[in-house]
Amino acid sequence: MVLVCIVLAVALAIVTFIALRSRRTLAKLERGIAALGNGRPTRPIAANYLCLAGPLARLFNVVAPKLEARIALQEQDRQQLRAVLGGMSEGVIAIDARRRLLFANASANQLFGIDADSVGRLIPELIRSTQVQGAVEETLSSQNPYQGEVTLATRESVLRVHSRILAVYGTPLPGPPPGAVLVFHDVTELRRLERMRQDFVANASHELKTPLASIKAYTETLLDWALKDEAVNVRFLERIDEQAERLNQLILDMLSLARLESGQEVFEHGPLQLAPVITACLDSHRDRADTKGLNLTLELDEFDERSEVKADEEAIRQILDNLVDNAIKYTPEGGSVRVTCRQADDAVVVEVADTGIGIPRDELARVFERFYRVDKARSRELGGTGLGLSIVKHLVQSIDGQVTVASRLGAGSSFTVQLPRFRPHELRI
1 MVLVCIVLAV
11 ALAIVTFIAL
21 RSRRTLAKLE
31 RGIAALGNGR
41 PTRPIAANYL
51 CLAGPLARLF
61 NVVAPKLEAR
71 IALQEQDRQQ
81 LRAVLGGMSE
91 GVIAIDARRR
101 LLFANASANQ
111 LFGIDADSVG
121 RLIPELIRST
131 QVQGAVEETL
141 SSQNPYQGEV
151 TLATRESVLR
161 VHSRILAVYG
171 TPLPGPPPGA
181 VLVFHDVTEL
191 RRLERMRQDF
201 VANASHELKT
211 PLASIKAYTE
221 TLLDWALKDE
231 AVNVRFLERI
241 DEQAERLNQL
251 ILDMLSLARL
261 ESGQEVFEHG
271 PLQLAPVITA
281 CLDSHRDRAD
291 TKGLNLTLEL
301 DEFDERSEVK
311 ADEEAIRQIL
321 DNLVDNAIKY
331 TPEGGSVRVT
341 CRQADDAVVV
351 EVADTGIGIP
361 RDELARVFER
371 FYRVDKARSR
381 ELGGTGLGLS
391 IVKHLVQSID
401 GQVTVASRLG
411 AGSSFTVQLP
421 RFRPHELRI
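Going by UniProt numbering, the residue at position 405 of the sequence shown is 405; the numbering climbs one at a time, nothing skipped.
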């Protein structure tokens with residue numbers, strides 16, 4: 001009886017010991033599994049063979065490192081994906097079937113004015129554009145890839161609203177639950193360039209057609225009957241020569257502008273003494289000015305003629321030629337054209353002012369556009385191609401300068417060119 005009691009006591013002690021050890025091991029297993037679930041690192045659990053939870057602990061020690069490695073890899077992939085999406089210039093948003101925002105990258109946040117705490121909110125609350133909401137609905141409802149364009153209006157101030165054209169690409173996400181990813185690419189500049197190209201082709205075709213039509217008409221008249229009349233013959237040939245010269249100048253200006261816009265023209269950036277170039281330009285135009293009775297003057301306003309600018313001589317010559325030529329063309333007889341030059345901080349300012357016909361205020365912003373003329377009939381009559389001021393703008397920009405215009409209808413115009421000064425300590429090339 002005593003022996004039985006001893007055996008039972010020992011057995012009870014062993015069972016109690018194993019139970020306590022198993023309980024501690026199970027508690028460690030519970031903490032380890034919780035750590036795995038929360039993405040925290042785990043430590044191996046001692047798996048004693050006298051512990052009932054030993055097999056579970058050994059299994060945990062084998063599985064946990066593999067799960068941690070897989071979780072780490074997934075986290076790495078997620079971080080890489082976030083970095084890629086965050087670095088994209090396109091706006092990217094992900095939504096669920098209830099139209100709630102799941103993700104938006106930095107570009108989308110900036111594009112739509114979304115803050116980082118907007119995840120979970122409804123798209124109609126975040127983006128008030130009906131066109132964007134329509135793209136979202138189309139992607140979710142059709143469950144087919146969506147492609148289209150939307151116009152997004154952004155208010156920059158009380159009186160100014162800026163419109164952007166966005167290309168939208170929507171991709172449905174398979175469920176359950178379903179959702180969608182939409183990518184927004186700003187194509188505003190691309191569409192503007194396309195419109196400019198279309199306008200250029202249309203304008204160029206029209207401008208080329210006009211002198212060609214005149215040449216053809218004069219030629220047909222000569223062939224029909226005018227060759228027999230010497231006086232008419234000479235007059236028509238002179239008109240053909242004028243139109244051919246106009247056509248030639250138009251083509252030269254178009255080629256020059258194309259080279260400037262494509263960056264094929266490379267200009268040096270000084271040093272260049274400006275005064276001799278201005279003087280030479282005025283001398284070349286003085287006969288035309290005298291013929292119209294114009295007073296063509298140069299004012300240096302205490303300008304140091306030895307001062308130099310960072311510019312290319314040929315570029316400066318073309319800029320001045322175009323501005324002075326325009327001033328003479330559009331100034332009536334007896335008027336004046338004045339060229340002034342002065343120093344201002346780190347720049348040299350050249351102004352070409354006239355007492356000509358002037359430009360309406362609402363058209364000042366367009367004078368540097370290609371083929372734009374304030375008075376188309378008068379400009380063609382005077383031999384203008386409509387490209388001179390556009391060439392001036394591109395030339396000034398190519399030498400890091402600025403050009404502005406001020407004018408009053410009937411009182412004249414003033415074109416101001418600001419050029420960077422060359423300092424003596426700067427490296428001479």
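Simulated from the structure, these hints should not be mistaken for laboratory data.
A quick note: this is a predicted structure, and the numbers were derived from the prediction, not measured.
Check before you lean on any hint, since a few could be wrong.
Here are the simulated DSS-like pairs of lysine-lysine, each with C-alpha atoms no more than 30 angstroms apart in a straight line [to be verified]:
(1) Lys216 x Lys228
(2) Lys310 x Lys393
(3) Lys393 x Lys292
(4) Lys310 x Lys209
(5) Lys329 x Lys393
(6) Lys292 x Lys329
(7) Lys216 x Lys329
(8) Lys209 x Lys393
(9) Lys209 x Lys228
Hint check:
1. Lys216 x Lys228: 18 angstroms, holds
2. Lys310 x Lys393: 17 angstroms, holds
3. Lys393 x Lys292: OK: Lys393 and Lys292 at ~27 angstroms, within 30 angstroms.
4. Lys310 x Lys209: 40 angstroms, violated
5. Lys329 x Lys393: With Cα atoms ~19 angstroms apart, Lys329 and Lys393 stay inside 30 angstroms; holds.
6. Lys292 x Lys329: At roughly 9 angstroms apart (the allowed maximum being 30 angstroms), Lys329 and Lys292 satisfy the hint.
7. Lys216 x Lys329: Distance ~27 angstroms between Lys216 and Lys329 Cα, so the pair holds.
8. Lys209 x Lys393: 26 angstroms, holds
9. Lys209 x Lys228: 28 angstroms, holds
Checked against the numbered hints above, the structure breaks only hint 4 and satisfies the rest.
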